[in-house]
Every structure is written in structure tokens, then in C-alpha cells.
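The residues making up each chain are set out below.
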Amino acid sequence: MVLKTTTCRFSGLRIYPGRGIIFVRTDGQQYLFINQKAKGLFNQRKRPAKIAWTTTYRKQHKKDQDAVVARKKRRTTTRVQARAITGASLEVINKRKNEKPEARKASREAALREVKERMKNKKQEKASARQMDKKAPGGGKAAMKTQLTRAPAKGTKR
Amino acid sequence: MIQNGTVLQVSDNSGAKTAQCINQSGRSWGIGDIITVAIKAAAVRGKVAAGSVQKAVIVETRKEFQRRDGSVVKFHQNSCVLVNAKAQPLGTRVLGFATHELRARQLMKVLSLATRVI
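The listed protein sequences derive, respectively, from chains A and B.
Here the first sequence stands for residues 1 to 158, numbered as in the UniProt record's numbering.
Here the second sequence stands for residues 1 to 118, numbered as in the UniProt record's numbering.
Zero decoy hints are in this set.
Result set (BS3-like, lysine-lysine): computed pairs, CA atoms no more than 30 Å apart in a straight line:
| # | chain 1 | residue 1 | chain 2 | residue 2 |
| --- | --- | --- | --- | --- |
| 1 | B | Lys-74 | A | Lys-46 |
| 2 | A | Lys-37 | B | Lys-74 |
| 3 | A | Lys-46 | A | Lys-59 |
| 4 | A | Lys-46 | B | Lys-63 |
What the hints contain is simulated information worked out from the structure, not anything from laboratory work.
No experiment lies behind these values; they were computed from the predicted model shown.
Generate the whole structure from the sequences, applying the supplied hints.
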């Protein structure tokens, strides 16, 4: 259940429902007080900034500041890679860093195509090799069938 | 806690300025109660004359009153609005505050005339 708490006009403390007094002045101003202590001091025309237990005083005298963690804005520093790493010299690193995404994508696609070509050629070689075996009296019909059924499965995976 | 002899401010535009409670002593009245008042001071060309006897409904009291939710409200002055025998206001405007306690006493006309409602 969400409770709506108001704040005391004099002390700045939270007033939970059922507590406190609402004082309505003739000019229409409404004053909420948490207790008779705050209200009494208000009637005596005391200033909250001079009463030590009020939030106004505490804020003015900068009390309780450690509890409030001031979040410092962290500046993001961009580190420059200035050293070579084993496996890549500085020129290679810089070239790869400054490569445009389109160029990178194009080179990747070219490499992928090359690999696919290689695999296709290899598959064709294997298929032709098996054709040669078929003509020779080497394997039986059952063995041939299993070999043939295996090949298409490999093909669909690609 | 308005009782016999209490002087109240009149917070409508009926012409009266101050009214004194002339109910019989013995008990006290609060917001929403209708009392008999004698007009002590009034504007010259108002609806009521000074010295006349009227009925009034109490709208503001210095004595704090409590609500069901626990809140306590207290005004700065004792105030009333002049009404007739049928509890209809004599004036056309209510200049001070009115509270929702009037709703339970069937004084909706007074509540509706008020601009400041608590």
C-alpha cells in the first residue's frame, strides 16, 4: 500500500497519515506541522534555519553530507593502441582498426565464397572417386547404398 | 467550540461583519452547526442590519477538529455564514473557507458557494 506522506512546513520532516496538524490561516495559507513542538515554535515566530533539529538548519550547516554520495562524472578516455602484440604488428593492427565496415564485410564474403568453392570441389572429387569405385568390383550394393545416402545428407547440411 | 457569547466573523457578502452567538449556554457548537446570532457590525447598505437576529452556520473554528483519516485541521479564526430558516445562505458568495464536513449536514449550497474548500 502506498502511503502519501507530507512534509512539515517548519521542520521539513515527513508526516505520515494520522499525524500532525493542518493550520489554515485567514489569508488562505495552509501550514502542516508534524507535532505541537513545531507548531509552537512557529507560533513564537522562530525561524527554522535557527533551530538545530530542522532540515533547513541541517542543510544550511551542511550536516549529513557523507550519506549523500556525490556521483562524480567519469570522463571516458580513449586509449590509443601504440604497441604491437605478438601475432600482429602495429601496421596490421592499425590497418584492421581503420578498415571500413563495407571493406571488411566484402573481404569476409570473399573468404566465405572461397571456402564454399573449396568444399564443393572436394565433394565433387569424392563423388567422382566413388563412381570409380562403383565400376570396380570393390564394394557390394548395400555398402554402396549407405555411401550414397550419406553423401546427400552431407550436402543438405551445407 | 462556539458557545454563548462567542463573536464570529461573517465570511459571506450578506453585509454583516461580526456576529455574536446568542444560543442558550450549556454546550458548545462546532463546524456545520446552525446557531442563532446577533449581528454586531454590518455594512450600511447590506442585506442585514446591525442588531438583528439571524441564523448562522459555523464554517471555521479555532478549535481543531479531527477527520476519519486522522488529519487534524485548525483555523485561524471563528467564522460563520448567515443562513435563513431553511438553511439557505443569505449572501451570494462565501469568502472564507468551507470544509467537507458541511456535506454531511446537507449544507451543499454553502459548500458550493465557497471558493476555498478544505
